[in-house]
Amino acid sequence: DAKTTQPTSMDCAEGRAANLPCNHSTISGNEYVYWYRQIHSQGPQYIIHGLKNNETNEMASLIITEDRKSSTLILPHATLRDTAVYYCIVRVAGQAGTALIFGKGTTLSVSS
Amino acid sequence: DTAVSQTPKYLVTQMGNDKSIKCEQNLGHDTMYWYKQDSKKFLKIMFSYNNKELIINETVPNRFSPKSPDKAHLNLHINSLELGDSAVYFCASSSRPGANVLTFGAGSRLTVL
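Protein chains in written order, with the working numbering: chain B, 1 to 112; chain V, 1001 to 1113.
It is worth saying that the hints were derived from the structure and are not from the lab. Virtual Cβ for every residue (Gly too), placed ideally from N, Cα, C. Check the hints yourself; a few may be wrong.
Label-pair restraints from in silico Cβ distances [to be verified]:
# : chain 1 : residue 1 : chain 2 : residue 2 : range
1 : V       : K1052     : B       : I101      : 21 to 27 Å
2 : B       : T65       : V       : T1013     : 45 to 51 Å
3 : V       : L1054     : B       : A17       : 42 to 48 Å
4 : V       : V1012     : B       : G29       : 46 to 52 Å
5 : B       : S41       : V       : L1083     : 18 to 24 Å
6 : B       : I39       : V       : S1039     : 17 to 23 Å
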């Protein structure tokens, strides 16, 4: 799996967009970008993933640069409940015999 | 209905005891996992089962024995508990081995005194 680099922590005001960056300069052509988050005292929660194109769902948007060396997770209107650790993971789809590996992630603090 | 449910949520026990954590998923998934999150908050894969067969065993001490009676259940039994076993244990499931979209349970916090 390609290595990812995320800032240790970020702050965001409630109601504003939270833009969480992830660098993955060694990503290979068949590796996807996945985002999870872990709210305090809960299990990790899948948010979104993408290969090349930008993706949007009810939780967030994922913007992947054209060279695929970095991506940004966007929470368009952050709320206090979005305070969590956000993990960016780069991985080939369907690689049986291995499992998701979580790094240190970015701790996002949303304040009022 | 909780998709992945773990019991108990909290477990406090003495060193040397044996304890079990149970996990059930109602998503119809074939693959289940156990992850451990230590005090430094790192999440590490321990085991994975696919349709009752062990497919991942990440150098976990053999005091830890997973058991999967059917593909909807994956239990974790720990013998001779040690202080270092204190952690939060998360169960997860996915539709197939190698899938990268996992559904996690709420976690079971084990404290060994």
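Is the distance from the Cβ of L1054 of chain V to the Cβ of A17 of chain B consistent with 42 to 48 Å? Distance hint for L1054 of chain V, A17 of chain B holds at roughly 44 Å.
Lying within 45 to 51 Å: is that true of the beta-carbon distance T65 of chain B to T1013 of chain V? 49 Å, holds
Range hint 21 to 27 Å (beta carbons of K1052 of chain V and I101 of chain B) holds or violated: Holds, at about 24 Å.
Is it true that V1012 of chain V and G29 of chain B lie within 46 to 52 Å of each other by Cβ? 49 Å, holds
Taking 17 to 23 Å as the stated bounds, is the beta-carbon spacing between I39 of chain B and S1039 of chain V within them? For I39 of chain B and S1039 of chain V the Cβ distance comes to about 18 Å; the hint holds.
L1083 of chain V and S41 of chain B - C-beta distance against the hinted 18 to 24 Å: 22 Å, holds
When each numbered hint is compared with the structure, no violation occurs for any of them.
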